[in-house]
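Use the sequences and the hints to build the structure in full.
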Amino acid sequence: MWTPSICRRAALLGTTGLLATHGMPLAQGAALDIYGPADPQARRGGTLTVAIANEPPNLDPFHQAGDARTAVTVLMYQGLMYEHPSGEARPLLAESMQISPDGLTYTFRLRRNVTFHTGQAMTSADVKYSYDYIRDAGNGSPGAADFGTIADITTLDDHTVVIRLSRPNASLPMTLTNRFGSVVPRDTFAAANARARLSQQSVGTGPFRLAEFRPQSHIRMARFPEYWEAGQPHLDAILFSVQPNAASLVQALRNRRADIAQLPRPQDAEQLRDVPGLNIGTAPSLRQNSLDLDGNFAQLRDVRVRQAIALAIDKQAVMQASIGGHGTVLGTTVAAMQDSWGAPLNELATQRPNLDRARALLAEAGHAGGFALDLVSIIGFEWMDPAAVTIAQQLQRVGIRLNIQRVELGVWLNAFRTRNMRFTFNDWGTQPDPHILYYRHFRSPPQGADFRNWANADADRLLDQGMETSDPAARKRIYLDLQKLMSETVPTIMLFSPNLVTVTQSRVRNYAQHPTGWWFGLARAWIAA
Amino acid sequence: MLGALAGRLGAAMATAVLSTAAVFLLIRAVPGDVVGEMLGQSAGDRAAEGALRAFFGLDRPLWQQYIGWAGDVLRGDLGESWRQGMPVAGIVGEAFLVTLQIGLVTLVVSLLVGVPLGIVAGVRRGRWPDLVVEAFSLVALSAPVFWTGMVLLIATSTWLGWSPPLIYARPGENLSDNLESIALPVLALGLLQAAAYAQFARQQTAIVMRQDFIRAAIARGLPARVVYGRHLLRNVAIPLVTFAGVILVQILGGVVVVETLFAIPGLGRTLLAAIQARDYPVLQGALLVAVLIALLVNLLVDLLYATIDPRVRGA
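In the order they appear, the protein sequences are chains A and B.
Each residue of the first sequence is one higher than the one before, starting from 1 at the first, in the working numbering.
Each residue of the second sequence is one higher than the one before, starting from 530 at the first, in the working numbering.
Some hints could be false.
Stated by the list, open to error - Derived, one-sided and incomplete: chain A residues facing chain B with beta-carbon distance under 10 Å:
(1) G66
(2) A211
(3) R214
(4) R406
(5) G429
Everything labelled a hint here was simulated from the structure, so no lab data went into it.
Backbone N, C-alpha and C fix where the C-beta goes; we use that ideal spot for every residue, glycine too.
Structural data, given as structure tokens:
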């Protein structure tokens, strides 16, 4: 199993470094360094059965934010760029990218032999249409805010697109990757039933096209014969079977009904360790299981209370209780970005439990006798229940009595959206870029949403600087400062990243996990006879 | 007879209208909506949120939304799913056929198993066949369906190394895959309903066995074939048919759990997914169909009752 190696040099070059000056010319037909390594022994053919526990609500790459959607649509839709596990955005439908010295103008040369699943050839007009569509908030895309710095998009010729920004945005290339950066044929959404059609027919440029989508049952994809990378992909078809829960994934693997599955509970790997014929692949992820502290809520308004809570929590013990040892304890960034962007844990405040200091802080804040606090946990997120009990015990030691409130996801999202998070668990992921990870969640409105009511002017300044700075070393320094600030004023306590655990039958070859957990690797996988 | 039927139909219609209105309001009273589900943690952009809410008509007052929906339903249009954009009629229709197959097969299985057991137990009351049937019923009735289902799943998978196919196949697509898919759900539901049937048949048999005409028949020395085959069965059949309706409605209720457990894309799972995603059109369409089925089954039972028992005809 290929594990993404995070190359420090590449990461420090960030999203711009090499590409900006040289572009990246590539031989026609050669397998690019995307989706995972090319395998010279790969053989064509076969249907791969994937068991998944979360069904995508639909397959619309523009109007659905859910990870379950993105996980599968990355095989059918492609952006101009690819979120390489190294943390770099690399050309995908673009051939090269040039950035003007002021960082405001991005010029993309497009690949010439790209065909949509509809049969049309891709041109710059399609790129302009797609990105103009998504950045218009009136079209209701959850990705609209990410494209907010774009001032206008023009086409120089059929294969050149120029994107002009209203202010520099070093993460633009990462924005044009595969979550919301998909390119579709122009006027795709002009038809009245366009959104419904995307559940029956794919219109992207990816290696697989949609063959059938039967809700509550399965998604079938077929190899796209006119795919632009010659000789790719190897599989004839992929069948995503929707299973009710984590236990049924384990059964499906054990009984060889499924060829591959990503375990929603990484600790389930232990049940499969001794099953012959199964390979277990483990990789650090871009997800975080965290505790959020709403700066507008009750005692949490006092920064000393937030610090005391952080100092009373033993993250390692919480992770052990929730998922065993199958993850990485976090500081202030996710596991798969720790090497490239993270501040070392020993340079951050409030990372190691210190009960005396916590009690002192609470006493200073006028809570010497302790107090009661509600902790919100989301029904259906299994890790939260053991974590809640563990944290309740830990906080008890400094006099904070937790009442655990379990709420339904819809209810929780409502509170989140209206910036009424209180004291709650959270479970979320990112693309490998610090601006995308932090900005919307922590920047004050109107530029960001500051869901935790952190209202920290220093953080706002750093977040804006980080967005506008393209020099990788300077950019990293800014995000290190931001993380120190987070660790000192505690708007959130990132607990741990669960490992990505993907289990394959031995006949499945050359599947590489991506730190997002999305199914990119199936574009390079093949089935041995 | 016709008057009674018209009355029943009227009551059924009123039930349908009231229950759909209740569902319509209840689901909207639950916090969160489809827009929140689509945005997830990418929320925060008010303009995009407002645009989506307007797209689904969620910005209109409740009464306008209900009248709009009810008007479409009366014109035979259940609308489109807010998740997949596909017509609700198609989604619900397909899901209903899946559930119906499981429901009917379960009904037949529970009839074939439960009725003979119950009659034998009723005739041999207090003796060992009765005790065996009682023990079986007690266990099967006490175990919740999700537990029975889980035990079946684990047992077949660990001891037989067999588990149902990952993907449900319709009978027309691949009959053997289809039967493999529905085997465990039918067994899980069937055990419970067979037990319920056995209990009911036993009790009815016991009642009829005490009647004078049975005693007279036995006293007259009629052969057992005639006593049980003609006199007993004919009289036990009426309540058993009524009970089939009750059982079928119960089965349709139980499939929600079983379909979720066994990944069967029937009405129950569709309903649950629609609730979780706040997909109001699918939820309302699926519940409308469920309500209509329950009403229809009850109506049919009444009619059947009249056919089997001449005494009911004039009433």
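Satisfaction of the R406(A) interface hint, Cβ to chain B closer than 10 Å: 14 Å, violated
With 10 Å as the cut and Cβ atoms as the points, is R214(A) at the interface with chain B? It holds, given that the least Cβ distance between R214(A) and chain B is near 7 Å, below 10 Å.
Please check whether A211(A) passes as an interface residue: C-beta within 10 Å of a C-beta belonging to chain B. With a minimum Cβ separation of about 13 Å from chain B (threshold 10 Å), the hint on A211(A) is violated.
Does the interface hint hold: is G429(A) within less than 10 Å of chain B, judged Cβ to Cβ? With Cβ-Cβ at 9 Å, under 10 Å, it holds.
Would you check whether G66(A) satisfies its interface hint, that is, whether its CB is within less than 10 Å of any CB in chain B? 6 Å, holds
The structure is inconsistent with the numbered hints 2 and 4, although it conforms to all the rest.
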